[in-house]
Amino acid sequence: MAEIIIPTPLRKFADNQATIAVAGDNILSAIEDLVTQFPDLKKQIFDAQGQIKRFIRIYKGEDDIESLDNEKTAIEADTVISIIPAIAGGAN
Amino acid sequence: MVINQESEVFKSITTLGKYVGNTPLYEIQHLSPKPKVKIYAKMEWMQFGGSVKTRPAYQIIKAALESGELGTGKTLLDASSGNTGLAYATICARLGIPVTICLPENASWERKKLLKGLGVNIVYTSKFGSSDESEAKAHEMYNNEPDKYFLANQYNNENNWKAHYEGTGPEIFEELGDSITHFMTGLGTTGSFTGISKYLKERDPSIQTIGLQPDGALHGLEGWKDMETAKVPGIYDTSLVDAIKHVDTYDAYDMLKETAKKEGILLSPSSAANLKGAIDLANEIEEGVIVTLFPDNAEKYSEIIKSLF
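Same order as they appear, the protein sequences are chains A and B. Quick note on this note's numbering: the first sequence kicks off at 1 and runs consecutively. Quick note on this note's numbering: the second sequence kicks off at 1 and runs consecutively.
By construction, these hints were calculated from the structure, which means they are not laboratory data. Treat each hint with caution, since some may be false.
Within a straight-line C-alpha distance of at most 30 Å, the following computed DSSO-like cross-link-like pairs (lysine-lysine) qualify [said to hold, decoys possible]: (1) Lys148(B) to Lys62(B); (2) Lys257(B) to Lys53(A); (3) Lys245(B) to Lys43(A); (4) Lys113(B) to Lys53(A); (5) Lys12(A) to Lys137(B).
Bound conformation, chain B alone:
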């Protein structure tokens, strides 16, 4: 059943679109090692829901409402280690759509409390199994009760990368145009890397697109997947990868502290890792314009902040 586009839920998500995306592109002032290398980062926490994941969550939910897969009483179901779950939760709270998230039980208490506060039904998966096991659980629940759930399937949903292809990529190019020489970001669902890289390369094939990876299978970079040991998302387009670079979690923590002191920004560990990757690259080139993302800020990481400061 396709829902009426004049319905309240449809009006509500259309209105919400005004608060999704269009985030500031911030120029790093003091941390670039070379004056001829500019580094920019999209401050993705400055939108509804407070993280980069609002973009794919919004696009996935809107497309599901348009197709009638959601909005007819079904529960949105997916696996998430944090930000995507929170993005679904914030959007669906506004729309009155129930949400069930499969979450590794070793996620922080803060994530659990925030999800619960937003009315999410949490299904915990083993602390040994990472988000891969949460993903398998979500698929199992959907297969058992397909009439009850809409499986958002962030790791394989084309609307994930399309949100960045249609939103984040054009926003970046509109501001910086063909001055961009490099784009880089951490690989998790790979939605932001795939969507933005695809858009930028179509506009200027000379732009180098670099995927960032943690330096090991266990790491402290929320949302990142080690592609060597984790299940590779279906939307990952390796043809867009010009290079892979690695970031050590400890280096990201140091960068988090340095960015707070020198730029006045309290970043999340994964945002700090993206900046660390950009600065490492800046050390390798003589001039250029490097663009990255700040997926979220430190607001939801009190346990890490407590241990660092």
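The shape of chain A in the complex, shown without the other chains:
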């Protein structure tokens, strides 16, 4: 299963775990699995329209998914996904 690294500010909503194993074949389905496992994360990650909040950056490995296929970016069993807050607009 792929793995999502939980940033420190969100660990409170994920039983204080740093990484969570998730099912799914792309970024969006993996994150949806994450919020199914930990429902309190849903409003932290998704906006009212059900989109990932635009000041949150998602990485597949070292790559920002914006430079790949965004939320449809395919993932594999050994993929590491990162959720990163963008400070002052940045994430790199």
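Put chain B on the given structure of chain A with help from the hints.
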């Protein structure tokens, strides 16, 4: 060793004091929802260094020079996600004092370039750990080499809130006096909230002081801390909090766009969030005078501006 107050570095920081604070108090012209509710904001970018953080940085550095903790070859060390680091950097560049800033690596490229341009040595901390991890790193570096560094410690340094107690608060009260009914601003280090609220309440205990918070643990409001999930600064005085209100980052972005069109001001997201909080409050009361801060303008947020316009 206490440095000679006739020395060049001391003369330089004393002279610099003329360019710190005394920012314009701007009356919002078109966005208040009710004619009997006035909204004012301090335009804090209109001072040396370009943000509200010049005030605490100046006070922290000046006090350290007076006590001899700085000015004798030590490097100023602290954690910052942006504006305080830039404030230290601008002041210390003038004084010839080296600066090391612990910065989350997910800060914008613009912040990194500006800090580098001002000669700062940047120590990056994990993009997963927020400014809390940067703060821990700064403490670790100081504990390993206490003779090398002066740890400015903005989250716990009393000179942070005192800069606002002695400067921003009196400036506001001098202009508006006892007409003020509410003061509100975002909570980050909490220096501005604590210092200004304390001063205003001492002058008029009826003034309501309101802390603004992001609506979640991850947000786009530079400098704000979600007190539910972040490390609470040591200088935060909760006894001064009459109420807490929340601001959604998206609402702040909308306010940023509206303020540009209707007031002619390009604000930073955190300044727009303060204004959004003030307008929400204005909708709840019939009359009053609400004061807030504009910590900085849009100048250093090109990545956000690019995404909004």
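Outcome of the hint check:
Proposed proximity of Lys148(B) and Lys62(B) is supported: the alpha carbons are some 18 Å apart, at most 30 Å. Note on Lys257(B) and Lys53(A): the hinted pairing holds, with a Cα-Cα distance of about 18 Å set against a maximum of 30 Å. A threshold of 30 Å between alpha carbons decides the hint, and for Lys245(B) with Lys43(A) the separation of about 18 Å falls inside it, so the pair holds. Between Lys113(B) and Lys53(A) the CA atoms are separated by roughly 26 Å; this keeps the pair inside 30 Å, and the hint holds.
In summary, the hint linking Lys12(A) to Lys137(B) is supported, as the alpha carbons are separated by about 21 Å, within the 30 Å threshold.
Hint violations for this structure: none, all hints satisfied.
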